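Chains as they are written, first to last, in this note's numbering: chain A, 1 to 86; chain B, 87 to 172; chain C, 173 to 326; chain D, 327 to 480.
Calculated from the structure, these hints are not laboratory results. Careful: at least some of the hints might be erroneous.
[To be verified] Residues from chain B that face chain C, not an exhaustive set, calculated with beta carbons under 8 angstroms: (1) Trp97; (2) Arg101; (3) His150; (4) His153; (5) Pro168; (6) Gly171.
[Stated by the list, open to error] Straight line, CA to CA, 16 angstroms or less: simulated EDC-like cross-link-like pairs of lysine to aspartate or glutamate: (7) Lys453(D) - Glu51(A); (8) Lys452(D) - Glu14(A); (9) Lys197(C) - Glu418(D); (10) Lys259(C) - Glu184(C).
Note that the structure is predicted; figures quoted are calculated from it, not measured. Even glycine gets a Cβ: it sits at the ideal position worked out from N, Cα and C.
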Amino acid sequence: MAAVKLSYFAWVRERIGKTEETIVVPEDVRDVGQLIDWLSGRGEEYAYAFENAKTIRAALDRKHVKHDAPLGDAREIAFFPPMTGG
Amino acid sequence: MAAVKLSYFAWVRERIGKTEETIVVPEDVRDVGQLIDWLSGRGEEYAYAFENAKTIRAALDRKHVKHDAPLGDAREIAFFPPMTGG
Amino acid sequence: MSARIDVRIQREDFDVAAEIAALTKGRGDVGAVVTFTGLCRDESGALSALELEHYPGMAEEEIARVAQAAAQRWPILGAVAIHRFGKLAPGENIVLVATTSPHRAAAFEAAAFIMDFLKTRAPFWKKEHRRDGGVGDWVDAKEADDAALRRWGA
Amino acid sequence: MSARIDVRIQREDFDVAAEIAALTKGRGDVGAVVTFTGLCRDESGALSALELEHYPGMAEEEIARVAQAAAQRWPILGAVAIHRFGKLAPGENIVLVATTSPHRAAAFEAAAFIMDFLKTRAPFWKKEHRRDGGVGDWVDAKEADDAALRRWGA
């Protein structure tokens with residue numbers, strides 16, 4: 001898989017300690033849920049950000065998706081808490 | 087019964103040809119419907135204004151009432167078509 | 173919650189921004205403002221104006237009763253209703269209803285409720301002036317307006 | 327009916343009157359304008375500001391999708407949605423939604439629909455700044471906001 005840009009917002013961003021990064025996703029990481037699991041193994045800050053994985057929202061190329069969405073050829077993947085705008 | 091001010095609006099006013107008048111209501115005219123009947127007998131213009139009595143709305147002292155409302159000691163009685171404001 | 177209610181019947185135009193400012197200025201408890209503005213339509217070019225007749229005194233009182241009913245039903249902080257009368261050209265403002273509340277649902281519902289009841293209870297009548305020069309008919313009351321009341325249990 | 331849809335994400339304040347004017351100027355088919363303005367509350371004096379973070383790009387796109395969905399569902403003539411970001415003090419505007427239609431029901435419902443979906447779908451997050459000097463928590467999403475979607479069949 002090609003390089004993918006990951007973006008983090010709100011307390012997910014604060015816990016991970018960065019706003020974005022570019023990674024290469026391993027072949028066997030195929031959907032959003034698997035990516036969250038894989039990221040959680042990269043360090044304490046990721047494990048903390050994703051500790052309640054169910055509450056984490058994700059977007060592929062700026063569109064909301066569920067955790068079972070295949071990553072496909074997304075160029076931009078974002079993780080964030082439930083929205084509180086308006 | 088004391089003198090009562092009658093007010094007419096919209097096409098009721100146009101048909102009767104006046105905006106208001108003061109009348110003395112006969113003893114046996116006790117409710118709004120009876121007043122409409124009595125007025126209808128006063129001349130062609132009244133008969134025309136009240137020809138579809140059911141569509142006529144009435145207010146006693148500036149409050150909407152139904153045709154079976156007793157006139158009581160109302161000082162101001164108004165007749166008009168269904169409202170079309172807003 | 174005690175709501176500030178302000179009803180005006182006037183010939184002059186109103187200023188939506190000024191009304192919002194008056195409802196919100198200097199307070200930290202307003203989270204939501206909903207405004208409804210009703211304008212004169214030209215009915216596909218056929219109308220040159222609407223002439224609005226009203227029952228002075230009763231118009232204010234009846235709209236105030238409607239706004240009070242809304243304030244008893246929803247936790248609104250304020251409500252303003254302004255209804256114009258006289259001859260109004262297409263594009264001109266006819267009516268404004270503005271409501272404020274801590275949260276959006278109450279402000280939305282109270283404003284819709286006030287408009288629905290104002291339509292069928294406020295003593296105003298519209299007469300059409302046609303672009304071809306004729307004075308047209310009095311606008312008929314709409315069944316849809318009576319139907320709109322049913323959702324409020326009326 | 328093809329609706330003009332305008333979505334803006336900005337730090338600066340907006341002008342409700344100017345947005346209404348832009349939606350109505352020079353046209354005779356608009357009979358109803360509904361605006362919703364969301365303001366920063368002070369939570370009984372506890373808050374000094376809300377800081378709004380957003381996902382640039384996606385915020386515009388997501389709100390535009392919500393407005394388009396409203397335009398497909400109701401015969402609206404236009405819709406404007408403006409959402410601010412950055413640090414906003416109590417009493418300041420956060421969001422504006424304005425809709426226009428020939429008749430009031432569509433304008434009311436489309437505005438309420440856009441706000442309900444914007445709340446739960448637009449990528450914005452609020453952080454509290456407290457008057458006692460501390461930076462407080464991120465605001466939690468509300469169950470009431472999810473519940474609000476159900477009346478639209480979502």
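Given a cut of 8 angstroms on the nearest C-beta pair, is the interface hint for His153(B) held or broken against chain C? His153(B) check fails; min Cβ-Cβ to chain C is 17 angstroms, beyond 8 angstroms.
Taken at face value, is the distance from the CA of Glu184(C) to the CA of Lys259(C) at most 16 angstroms? holds (11 angstroms)
Supplied contact hint for His150(B), tested at 8 angstroms Cβ to chain C: Status holds, d = 7 angstroms.
Against chain C, with CB atoms and a cut of 8 angstroms, does the hint on Pro168(B) hold up? holds (3 angstroms)
Would the pair Lys197(C) and Glu418(D) pass a check requiring their Cα atoms to be no farther apart than 16 angstroms? holds (10 angstroms)
A closest beta-carbon separation below 8 angstroms is what the hint needs, so does Arg101(B) meet it against chain C? Where the cut-off is 8 angstroms and the nearest Cβ of chain C is about 11 angstroms from Arg101(B), the hint is violated.
Chain C contact restraint on Gly171(B) - CB to CB distance below 8 angstroms: holds (3 angstroms)
Compare the distance between the alpha carbons of Lys453(D) and Glu51(A) with 16 angstroms, and conclude whether the hinted pair is satisfied. Judged against 16 angstroms, a Cα distance of about 20 angstroms means the pair is violated.
Just to be careful: measuring from the Cβ of Trp97(B) to every Cβ in chain C, is the smallest value less than 8 angstroms? holds (5 angstroms)
Pairwise hint evaluation, Glu14(A) against Lys452(D), where the allowed Cα distance is 16 angstroms at most: holds (13 angstroms)
Hints 2, 4, 7, counting from the list given before, are not met by this structure.
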